[in-house]
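Below are the chains, spelled out letter by letter.
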Amino acid sequence: MTDLVTCVIDGQSVAVPVGTTILEAARQLGRDIPTLCHHEALTASGQCRICSVEVEGARTLLPACAAEVRTGMVIHTRSERVDRSRKVILEMLASAADVSEAPDILAYAEEYGADFSRFADGERLTYPILDDNPFYIRDYNKCILCGRCVQACGSDMQFAFALTIAGRGFHSHIATFFEKPLPETSCVFCGNCVGVCPTNALQPKLSWLLAQGTDWNEVREQTKKSHPAKNMRKRR
Amino acid sequence: MAAQTQILTERIGKIDPSSLEEYVGSGGFEALRRALTLSPVDIIYEVETSHLIGRGGAAFPTAFKWRAVAREEARPKYVVCNADESEPGTFKDRYLMEGDPFRIIEALAIAAYAVGANKGYIYIRGEYPLAYQRLAHAVEESRRAAYLGFNVGGSDFCFDIELYRGAGAYVCGEETALFESIEGKRGQPRLKPPYPVTHGLFNKPTVINNVETLANIPPIILNGGFWYRSLGVHLNPGPKLYAVSGHVRRPGVYEATMDLTLRDLIYELAGGIPGGRKLQAVLVGGAAGAFLGPEQLDVALGFDSLHHIGATLGSGAVMVMDETVDLWQVLRRVTRFFQHESCGKCFPCQLGTQRQAEIVARLAEGEIRPGDKALLIDIGLTMKDASLCGLGQTASNALLSACDRFSLLGEGGGQ
Ligand SMILES: Cc1cc2nc3c(=O)[nH]c(=O)nc-3n(C[C@H](O)[C@H](O)[C@H](O)COP(=O)(O)O)c2cc1C
Ligand code: SF4
Ligand code: SF4
Ligand code: FES
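In order, the protein sequence lines correspond to chains A and B.
Note that the working numbering has the first sequence beginning at 1, numbered continuously upward.
Note that the working numbering has the second sequence beginning at 1, numbered continuously upward.
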C-alpha cells in the first residue's frame, strides 16, 4: 500500500499518494488549474507559472504542475494573488508573442479577464519564418518559450538534442547549434517537437502550405522525400 | 563604535595574503587542526550553537544545511563556496578573498570534514581576477603543505579544492544555477525542491555556503559556539561585513555586529556625506534590496530588524545617495540590471523584467501615463509571487519600495 498524504484544496479535503502533484490532486477533485508548459509526457519544468496556486504559509505561490502535495497543505487554486499572477502573465505573453493560434491562452485570457492592450507598446521580437526542411516550419513569432520542444527533442523523448535555448532573459529564444538549418543538425525529423508545441510555432509543413492555399502539386513538390534537405542528411 | 569588530577581517592588511607562513604564523589552520580532533557531529553542534546564519543573502541557518548533508547516505558529497558575488554594491567577499584567501580554504576543509565530503569547489566571479589568483596560489600552497590532498594534516581525512570561474551571469550566484554552470550547462536555476542538501552539484548531497559565511567558521571552532552567540544581537549573532558605497566620505567594507545602526554606519564609520549635502535615500541589500529613507536611520542592520520594517539585509550592501541623485535614473539602472540578468527560464521574470525596465525608462524620461503605477505594481507583485527563483522574486523590490517610501508615483505607491 502506498502512503497517503492529505491536503485541503479550496476547502475540500483530499488524500492522495505521496508524490502526487497539486495539479493531479486538484483534478481528482474535479477542479482544473490552467497549464501551459506542462505536458503529460514531459518532465515538469515549472517555467510558465500559469498554474501558480496559493499555499497557506508559503512565501511565494507554488507551481501546481511541479509541487507535490504535503500533508497539511491548505491550497487555494484561486485567490487575489493567484488571479493577478495568471492575468498579468497572460497579458505580458500576448505582448511578446503572437498567441492567436494558441487556443489555451485565448481561453485563459477570457477566463481571467486579461487585457491584451496593456503592454502592447512593449518591445516585440520578430523572427523570419524558418522553412528549411520538407517536414515542418518554425515560426518563432508565435513561440512562448515553454521549452516543450527542447525537452521532447532531448532527454524526455528523442535524445536528438537538436534544439536548445540561446540568449537570455527577454532575448532568449529556441535555437539550433550555431543557428544551423535543421537538416545540418542532429534533428531526426521525428516530429515530437511539433506534436508538443502549444502555439503553432512549430507546424507540419504540409498543413502550413495548405493553409496558405498553396496548389496541391506544389505542396507535394515541397514536401516530398527527395527534397534536397533529405539528401543532405544522407550525404553526411 | 561599540558594534565594530575585527574577527572576519583580523588578518586583512596585516599579513601578506600570498604567504602561507604568515597565515600559519597568525593562527591560521589551527581551527582545521582542532576540527580534525573533533568528531563531525561535534563540529556541527558548535556551528548550531553559534546560530550562524548564512551571509549569501537568503539568511539560512548554516548548521541546518551541514547536518542535512552529513546525514545523507549518497556518495560522493560536495562542499561549494559561493564566491560569485555579483549583487550590485557588494564587494565584501572580494575583500575577504583578496586579503585572507587561506581562511576560505581552511573553512571549506572544515565544512567538508563535518559533512563527509572529499571534494570542494570555489565558484569565483569571473570579473575577480585578483581574488582568483590569490585563491589559486593559496590552494597550491595548501596542497604543498598537506592542508589539502591526501591525509590532511596527517589525519585520515582527504580533501581537495577545484576553482571554477564564472562567466559573467548574476543568476549563476543562485545556488542551483551555479551547480548547472559547474556541470557545464546553461546557467539557469533548477526547480526546488529537491534542495541542494539532497540533490546538489552533480545531483549529489551538497553544502553551498557564501564566502563570508565560511569566514566565520574558524573562530567558531576555536572559541566555541557559545562565544559566537554572545556577540551582538540575540538570534542574529556574530560579526557582519557591510559594503558601503555612494555618497560617503570613506566608502569601503566595515565589520560590526548586527546591532550597528544605519546612522552609525553612514555617519561614524563611513564618515558621513561629503559637501554638507543631505541624505536622500539608502539602498540596502543591493539591487535586490529595498530603499530606506532618512527617517529610518536608526534601524539596526540585522536580518530581523530590517525584516521588521519590510526591508532586507541581503548581502550587506549599503548604497548611500545624497539629495543630488535623481532616483528615477537609479531605478532605471536597477531595472535595466534585472532585465539584462534574467535568465529567461520562467515567464514572470523573463517578461516582467523587460516590461518593468521599459516602463521605468520611459518614466525616467519624464513621460508619465495614467495607469503606470498599476502596471508596475501588477508586474512587480507577479514577479515576486510567481517567479521561479530569487532573481525574479526580488526584481521589483527596489522599485516598489522607492515608489512607496518616496511617493514617486503619488501617494501609497508600491505595496
Ligand atoms: C539571483 C541570485 C543571486 C545570488 N548570488 C549570490 C552570490 O553571488 N553569492 C552568494 O553567496 N549567494 C548568492 N545567492 C544566494 C545563494 O543562492 C545561496 O543562498 C547562498 O550561496 C547560500 O549560502 P549561505 O547559506 O552561506 O548564505 C544568490 C541568490 C540568487 C537568487
Ligand atoms: S516552439 Fe513551441 S514548444 Fe518550443 S518553446 Fe516555443 S512554444 Fe514551446
Ligand atoms: S526568476 Fe528570472 S532568473 Fe530566476 S529562473 Fe525565472 S527567469 Fe530565470
Ligand atoms: S504549467 Fe506549471 S509552470 Fe507551466
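Hints are supplied without guarantee of correctness; some may be wrong.
A partial selection of chain B residues facing chain A, derived with a Cβ cut-off under 10 Å [stated by the list, open to error]:
no., residue
1, Pro40
2, Val41
3, Leu163
4, Gly184
5, Arg186
6, Gly187
7, Phe338
8, Lys345
9, Cys346
10, Phe347
11, Gln350
12, Gly352
13, Ile359
14, Ala386
15, Gln393
Calculated lysine-lysine pairs in the DSS-like style (CA-CA distance at most 25 Å, straight line) [unchecked claim]:
no., chain 1, residue 1, chain 2, residue 2
16, B, Lys204, B, Lys185
17, B, Lys204, A, Lys87
18, B, Lys119, A, Lys180
19, B, Lys119, B, Lys185
20, A, Lys205, A, Lys180
21, A, Lys224, A, Lys205
Simulated from the structure, these hints should not be mistaken for lab results.
Quantities reported herein were computed from a predicted structural model and do not represent experimental measurements.
The beta carbon of each residue, even a glycine, is placed where N, CA and C say it ideally should be.
- prompt: Would the hint on B:Lys345 stand, with a C-beta cut-off of 10 Å toward chain A?
  reply: holds, 6 Å
- prompt: Holds or violated: B:Val41 as interface residue toward chain A, Cβ cutoff 10 Å?
  reply: Since chain A brings no Cβ nearer than about 29 Å to B:Val41, farther than 10 Å, the hint is violated.
- request: Could you grab the alpha-carbon distance between A:Lys224 and A:Lys205 and see if it respects the 25 Å cut-off?
  value: Satisfied, since the Cα-Cα distance of roughly 11 Å is no more than 25 Å.
query: Does B:Gln350 meet its interface restraint, that is, does its C-beta lie within less than 10 Å of any C-beta in chain A?
result: For B:Gln350, the interface hint holds, since the closest Cβ of chain A sits about 6 Å away, which is under 10 Å.
query: Does the nearest C-beta of chain A fall within a distance shorter than 10 Å of the C-beta of B:Leu163?
result: violated, 24 Å
When the least beta-carbon distance from B:Cys346 to chain A is tested against 10 Å, hint result: Holds. Min distance 5 Å.
message: Just to be careful: measuring from the Cβ of B:Gly184 to every Cβ in chain A, is the smallest value less than 10 Å?
response: violated, 13 Å
- prompt: Is the hinted pair B:Lys119 and B:Lys185 satisfied, with a Cα-Cα distance of at most 25 Å?
  reply: holds, 20 Å
field: Status of the hint placing B:Phe338 at chain A (closest C-beta pair under 10 Å)
entry: holds, 9 Å
field: Pair hint outcome, B:Lys119 versus A:Lys180 [Cα-Cα no greater than 25 Å]
entry: violated, 39 Å
message: Between the alpha carbons of B:Lys204 and A:Lys87, is the straight-line distance 25 Å or under?
response: This hinted pair is violated, its Cα atoms lying about 38 Å apart.
message: Checking one constraint from the list: CA of B:Lys204 to CA of B:Lys185, max 25 Å. Satisfied?
response: With Cα atoms ~16 Å apart, B:Lys204 and B:Lys185 stay inside 25 Å; holds.
When the structure is compared with the earlier hints, violations turn up for hints 1, 2, 3, 4, 17 and 18 and for no others.
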